[in-house]
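Enquirer: What follows is each chain in one-letter form.
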Amino acid sequence: MISLKGQVMETLLSGDFICKTTDELAFQFLQNSENFAELERQLNMMNRTIANANDGEVLFCAYQVIDEGERKVVGQKFREITASLLPLVEWLVLVQEAKGDNAPLSEGKVVRLNELQSVIEDTPAFSEQLAKIAKYSLFNSTSSTVDAQLKLVFKRLTELGYLLRPNPDNQIFLATGKVDYLFEVIRFIDDSENLNLAKQAEEAIKQGDLL
Amino acid sequence: MSHPLQVAGNKFLKALAKHADVIMKTYLSGRVNELDFDGKVLDKLINLGVLWRPEPGEDLRLRSSIRGLLENNLRDERNRQLDANIGTKLAAIKTVTSHYKEALHHQNYAESEVYMEDLTEQVYGLVDSLKSSVRNLWRRIHNEFGYVASINAKIRENELAQSQLTEMREQLEMFQFDQLAAIAGSSRELRRLLVVHLQRSHSEISQELTMAQSKLIDLLGKFREYLHRSQLLKGFVLHQQQKPDHQIKDYSAAHNVPTLFNIAKAMIKPANIDVNNIEHERLFADIVSHIKQVRHANVGNNEHRKAQGFDVNDIESIDIESNIIKVAVENYFCQIIDSGVQLSALEYHQQQQLDINPEVWVYGVINGFQGLSSEEQDFFEIGTQGHVHPSFSGNFIIEDVALGLR
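Residue numbers (the numbering used here), protein chains in the order written: chain A, 1 to 211; chain B, 1 to 406.
Think of the hints as simulated: they come from the structure by calculation, not from any bench.
For clarity, every value in this text was computed on a predicted model and none was experimentally measured.
It is possible that part of the hints are untrue.
To be verified - Under the rule of at most 20 angstroms between Cα atoms (straight-line distance), these lysine to aspartate or glutamate pairs were calculated in the DMTMM-like manner:
# : chain 1 : residue 1 : chain 2 : residue 2
1 : B       : 14        : B       : 43
2 : A       : 77        : B       : 250
3 : B       : 249       : A       : 80
4 : B       : 269       : A       : 16
5 : B       : 222       : A       : 107
Claimed, not checked - Beyond 12 angstroms from chain A on every Cβ pair, some chain B residues (computed):
# : residue
6 : 70
7 : 188
8 : 250
9 : 262
Glycine included, each C-beta is placed from N, C-alpha and C at the ideal position.
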């Protein structure tokens with residue numbers, strides 16, 4: 001049997017994110033400074049280190065030193081992230097609006113696919129938005145029904161690690177820490193490029209023409 | 001309690017019970033629709049002080065004391081008022097205490113007992129109003145101000161709750177226990193009420209308030225975070241709409257890659273199977289037993305077993321190359337018909353100098369005759385010429401056939 005430490009190591013080395021929702025045991029394991037140090041030492045042998053986002057709520061594996069080869073990988077990952085940013089953001093907005101929530105999805109929140117589907121089917125604006133989102137290459141849907149589009153989007157998001165389906169028998173999904181990571185990325189881009197996204201949104205709300 | 005007071009109270013409560021539907025409708029809608037109810041009932045309720053008209057021409061409304069009673073009892077979220085007027089209540093308590101002490105001093109025990117009752121009521125009432133205020137606060141915290149929809153409204157509600165809480169804390173500071181202790185003096189009952197009970201409640205309530213305050217601040221932070229996140233998302237979408245050609249800087253090319261974008265490649269791939277590992281033997285056997293049987297021998301046949309396509313067009317005309325013998329036989333028959341003269345097959349063979357083996361020719365003629373339909377056969381007469389087999393009786397060897405018209 002593989003030990004918990006081995007499991008955590010495997011998760012990290014397979015490029016997955018660890019948060020309380022995806023793997024509580026692994027997350028707690030890494031909260032222990034001794035365990036953390038030991039794992040870190042072993043990862044360092046492979047030029048890896050444990051990185052975190054969202055104030056330590058999400059953990060993932062990063063390079064310790066970035067040289068030519070690593071830079072290529074990091075560059076590719078970066079392009080993947082930025083390319084999927086807009087579809088993901090639009091999806092988050094859609095989910096928030098369809099659910100009528102005050103807050104966007106964040107780690108540990110529940111999304112019930114059936115409820116979401118009925119709201120989207122009843123609201124033409126949402127169905128249109130969904131169709132637009134599903135056509136992005138990230139999801140690449142060719143279907144024209146809400147049902148198929150939504151299922152595909154959720155399937156892809158589960159594959160990408162943004163959602164978790166604790167019970168394969170029902171259509172209830174949990175948002176993982178990777179969603180919070182996404183916010184962190186947007187915030188970072190916002191800060192470093194001085195986009196003032198929040199201000200733009202606020203002004204748009206004032207003008208009443210948002211979305 | 002005096003008798004008339006009890007009667008009046010009973011009457012009032014009965015009136016409330018009797019007109020419960022009017023009162024509840026008013027409570028829920030905020031005002032009375034005067035056309036819906038009997039004018040007499042409304043007048044009665046006005047006289048009892050349940051309903052009132054704030055301004056002439058305005059709708060009737062529920063009196064705040066009734067409203068407060070219902071809100072408290074129904075734990076309604078709309079109740080956001082906190083009764084923080086502790087100062088006056090404390091003053092009342094102090095006054096009644098003085099009355100009580102004076103009565104005791106004059107050895108007027110009956111009167112002192114009434115004052116004691118009054119004092120107990122005042123103290124318990126004060127503690128109860130404080131506790132219900134705290135409960136009220138917690139109720140709002142627990143459902144995260146669910147009674148308002150937008151996040152901005154929640155933030156405002158939170159700020160209101162915080163200001164109420166601060167006010168309550170200020171009021172709580174008005175409890176001066178040294179003063180109360182001095183007033184209570186050496187009287188055991190007064191000390192129990194004014195010092196022990198009040199102090200315990202005071203510390204409980206302060207503790208609750210501290211917790212509520214930290215929770216409120218937490219919530220406010222959370223609301224701001226929600227708001228910020230929502231705005232970030234919407235801002236991002238908006239930004240992309242307005243400047244679709246905006247390229248996000250390539251941070252991975254920067255000298256120091258930000259930690260956020262420093263993601264290592266997934267390096268672990270599934271391991272391979274080690275068939276020599278005895279420990280895994282069972283598992284492998286299990287897997288093998290679950291593999292569906294595949295018959296390789298049949299694989300090649302699959303091509304033939306497939307359904308074949310075929311055309312359903314008209315059949316093309318087929319040219320059958322007529323056999324030489326058949327043509328000759330036909331000609332022979334025709335000649336018999338034309339001439340009407342009997343002619344043996346071998347004679348015709350010689351006549352026409354046919355390049356056919358005579359034996360085959362004779363056989364062909366017999367074959368041709370037998371091949372005709374029975375009606376056609378009736379036109380002809382066929383006679384066989386030959387000899388019986390010398391050694392095997394019953395066998396007749398045909399040497400020639402003669403054909404003629406019947």
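Enquirer: Give a verdict on every hint.
Expert: Hint check results:
1. 14/B / 43/B: 16 angstroms, holds
2. 77/A / 250/B: Satisfied, since the Cα-Cα distance of roughly 11 angstroms is no more than 20 angstroms.
3. 249/B / 80/A: 13 angstroms, holds
4. 269/B / 16/A: 13 angstroms, holds
5. 222/B / 107/A: 14 angstroms, holds
6. 70: It holds; residue 70/B is separated from chain A by about 29 angstroms at its closest Cβ, greater than 12 angstroms.
7. 188: Fine: 55 angstroms to the nearest Cβ keeps residue 188/B off the interface.
8. 250: 7 angstroms, violated
9. 262: It is violated; residue 262/B is separated from chain A by about 4 angstroms at its closest Cβ, not greater than 12 angstroms.
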